[in-house]
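Student: Add chain V to chain D, keeping to what the hints say.
For reference, the chains in residue letters:
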Amino acid sequence: MQKLARYLGALLAVLATVLLVAPVAGAQGTGETIHGTLEFQDAPVQGVTITVTSADGEEIGTAQTAADGTWEVPVPGPGDYTVVLDAATLPSTAPGVVRDTIETTVNPQQRKVVLFRVGTPEGDGEPSPGETSTPTDDEDESVTGTESGGAESEAGEDVTVTSGNNQLLQLFVSGLRFGLILGLAGLGLSLVFGTTGLTNFAHGELIVFGAVAALLLNQAGMPVLVAALLATVLSAVFGWGQDRGFWRPLRKKPTGLIALMIISIGVSLFLRYLTQFIIGGGRETYDEYTFQSPISIGPASITVRDLVIMGICVALLAAVALALTRTRIGKATRAVADNPALAAASGINVDRVITVVWTVGTGLAGLSGIFFGMIQGVDYLMGMRILLLVFAATILGGLGTAWGAMVGALVVGIFIEMSAYVVPSELKTAGVLVVLILILLVRPQGILGRRERIG
Amino acid sequence: MDWGSIFELSIRELIGVQAIVFALAAIGINIQFGYTGLLNFGQAAFAAVGGYGVAVIVTTYEMSFWLGIVVAIGAAVVLALLLGVPTLRLRADYLAIVTIAASEIVRLVGRSAWGRDVFGGSDGITGFSDTFYDLNPFTEPLEFGPFEFRERILWVMAVGWGLVALCTLMVWLLMRSPWGRVLKAIREDEDAVRSLGKNVYGYKMQSLVMGGVIGALAGIVYSLFQGAMQPDVYATNFTFFAYAILILGGAATVFGPVLGAAIVWFAFQFIDLTLRAAITNEYIPDWLMNQNDTGAVRFMLTGVVLVLLLVFRPQGILGDRREIALDAR
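Sequences listed follow chains D and V, in order.
Just so you know, we're using this note's numbering here: the first sequence kicks off at 1 and counts up by one.
Just so you know, we're using this note's numbering here: the second sequence kicks off at 1 and counts up by one.
For the record, the hints were derived by calculation from the structure and aren't laboratory data.
Among these hints, one or two may not hold up.
Claimed, not checked - Label pairs and their in silico Cβ distance ranges:
id : chain 1 : residue 1 : chain 2 : residue 2 : range
1  : D       : Val226    : V       : Tyr61     : 57 to 63 angstroms
2  : D       : Val226    : V       : Asn290    : 30 to 36 angstroms
3  : V       : Glu62     : D       : Val434    : 28 to 34 angstroms
4  : D       : Val423    : V       : Ala158    : 41 to 47 angstroms
5  : V       : Asp123    : D       : Ala220    : 35 to 41 angstroms
6  : D       : Ala220    : V       : Asp232    : 30 to 36 angstroms
7  : V       : Asn281    : D       : Gly311    : 53 to 59 angstroms
8  : D       : Ala220    : V       : Asn281    : 30 to 36 angstroms
9  : V       : Arg276    : D       : Thr327    : 51 to 57 angstroms
10 : D       : Asp80     : V       : Gln291    : 25 to 31 angstroms
11 : V       : Pro178    : D       : Ala319    : 53 to 59 angstroms
12 : D       : Val237    : V       : Gln291    : 30 to 36 angstroms
As the list claims (entries may be wrong) - Example chain D residues on the side facing chain V (calculated, C-beta under 10 angstroms, incomplete):
id : residue
13 : Phe246
14 : Ile258
15 : Val267
16 : Phe277
17 : Tyr380
18 : Leu433
19 : Val442
A virtual CB, placed ideally from N, CA and C, is assigned to each residue, including glycine.
Same shape as in the complex, but just chain D (with noise of 0.2 angstroms):
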């Protein structure tokens, strides 16, 4: 029971990560754009004039902010965008804004999110378009994006800041999100190494398998909500042949452990390479449900889109922890996972159940990857950068089980992006991977793990 409350907890953990990448704001559409919500003090600022010009200084287009505060310029396509600010036109209330000029870039498909801070600008008031490359706060930092660079960069992720207050507020509810989705991502892993004790390296490749599988019947011409259900049930098959046709021989050869583990690097090789062989390098997009404008619930902003994701996020995790206690095969799993001899002495059929587990696992594995495909894109890493923070999250729960792996999860989760507030988001990743090692000195067996399953 412990045990497999443990495995749940990693699979949340896995949930949660992908979740935080995601953007809250955003419109419907496609073509690549830059956008953004103008507001002070909570209220949205109306009429202020923002104009994008391209690098070599050709003016794209001008946009005045609605009485939502809201703003969009089209751009002709991806590049280096500078987007200036008219202080001249904000609202006399409003002191100015900390930085009037804001370079920016747009990647392929992007939809761009630029904010401007409305306060006391920088340097006494005096605007210094040229310092744009250092930004004096986190938000700035995040506002300009990540480095560009290849296929690795988060570029493609969406900016969740606001102004203003709520800003903490944002962050925990795309903390909450990505937390969520890291535990539906985590669960199959966690739940596989409690009853087969593999650590599979290849877990982020079956997180890929349903956004590869969604995208392409979603280029096939079907709409995202249909290729979504069958890319689940297409990963759901996936893990069961996996687990048919070829783990399950290894483990009857048999095959060490360690063995194992680097087995499913090839594996995990195999597949991701395969995968760039498929949709290429670059990072591609369903053509639903990308973007959408957030609707405010109370103080916090959500997409509905995201709203959906973390409902169906929830309902499943809830399921499969009143699977794992109330149903024959939960309680057969959990049975296994705390001694598979003795289980199988006492008339379950283990093979079966680790079947069970590996078909759950990988679909809800390729759930969670369709999830994070809609926030924040699929391209063949996503993979590996998923799994060390499912892997984060299930040691942050403790290795093994499964309500600590779903703790785990939304720890990493809100963790990652609250972090964003005062680190750089491009090293947030590598706050929660220092964090991990750091808990490991501390309490090696994690929040809910029991020390003596880790000497």
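Tutor: Frame of chain D; chain V shown alone:
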């Protein structure tokens, strides 16, 4: 297809700088994994701190190249201690996860805009290899049959293979010493070694440090060869490649890493060139793959070979099946 040039270029890789770098990285992993049973999945981090040590000291702080070498090796020792202290008392997979996390931390910090003043961001650091190439004794290219090696690469290869030979000799001597026997005993049965009064934790730490320092040498050689230290070279694939090389050649063997590295880089180059030639000559249709896909095929093959090796021949080419302990405790 021009088989002559394909073979010529592939055979160059057999003894090329990539083979040297990965032979060194794999020798380090061999000490840790092959002989001691420690799963260090962060060899890329050790190589990266090696490369950064030299690059940061020489370019960022404008100090001596030799101090850079000392700092690079010192940084690898510190990293090994940092990773080993929390994890070496725990089960094997904890070390694996923590080391792989550490390698991503090093890379993410190295390529961040936040640390650009010191580490050069994602573009990395250049301009630290002048002292090294000033020492180059080769003044003219060496021609050997169809092969021609320029002075610069000759010097890197001479130093690199010298280091490989030195490390291989050291491993050979150490592993037949009482110290090496303790390491192998830890791999086989940690509790038995402990019951004999040996400090298992201390021995594991020494093994981790030694393997890490050799990994740092790999990073130093590679960044000197490139004339640049780029963080994204040291992604997790670097480590996984080194594992594939070690297991192909034979874990817990003295020459396994070297043999594995030579074969793997020969095979990579050969497959790459053959595929490219086949695509150019349209033996492979365009809808199936183009020039950009050959890199992905190489990694896919690495994955498949890694799986097949562990399933059917876990001891690799040179290894002894009885000697490789691939069982977690």
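Student: Work down the list of hints and note, for each, if the structure agrees.
Tutor: Against the structure, the hints:
| no. | hint | result |
| --- | --- | --- |
| 1 | D:Val226 with V:Tyr61: 57 to 63 angstroms | holds, 58 angstroms |
| 2 | D:Val226 with V:Asn290: 30 to 36 angstroms | holds, 31 angstroms |
| 3 | V:Glu62 with D:Val434: 28 to 34 angstroms | holds, 29 angstroms |
| 4 | D:Val423 with V:Ala158: 41 to 47 angstroms | holds, 44 angstroms |
| 5 | V:Asp123 with D:Ala220: 35 to 41 angstroms | holds, 39 angstroms |
| 6 | D:Ala220 with V:Asp232: 30 to 36 angstroms | holds, 33 angstroms |
| 7 | V:Asn281 with D:Gly311: 53 to 59 angstroms | holds, 55 angstroms |
| 8 | D:Ala220 with V:Asn281: 30 to 36 angstroms | holds, 32 angstroms |
| 9 | V:Arg276 with D:Thr327: 51 to 57 angstroms | holds, 55 angstroms |
| 10 | D:Asp80 with V:Gln291: 25 to 31 angstroms | holds, 28 angstroms |
| 11 | V:Pro178 with D:Ala319: 53 to 59 angstroms | holds, 58 angstroms |
| 12 | D:Val237 with V:Gln291: 30 to 36 angstroms | holds, 34 angstroms |
| 13 | Phe246 | holds, 9 angstroms |
| 14 | Ile258 | holds, 5 angstroms |
| 15 | Val267 | holds, 6 angstroms |
| 16 | Phe277 | holds, 4 angstroms |
| 17 | Tyr380 | holds, 8 angstroms |
| 18 | Leu433 | holds, 4 angstroms |
| 19 | Val442 | holds, 9 angstroms |
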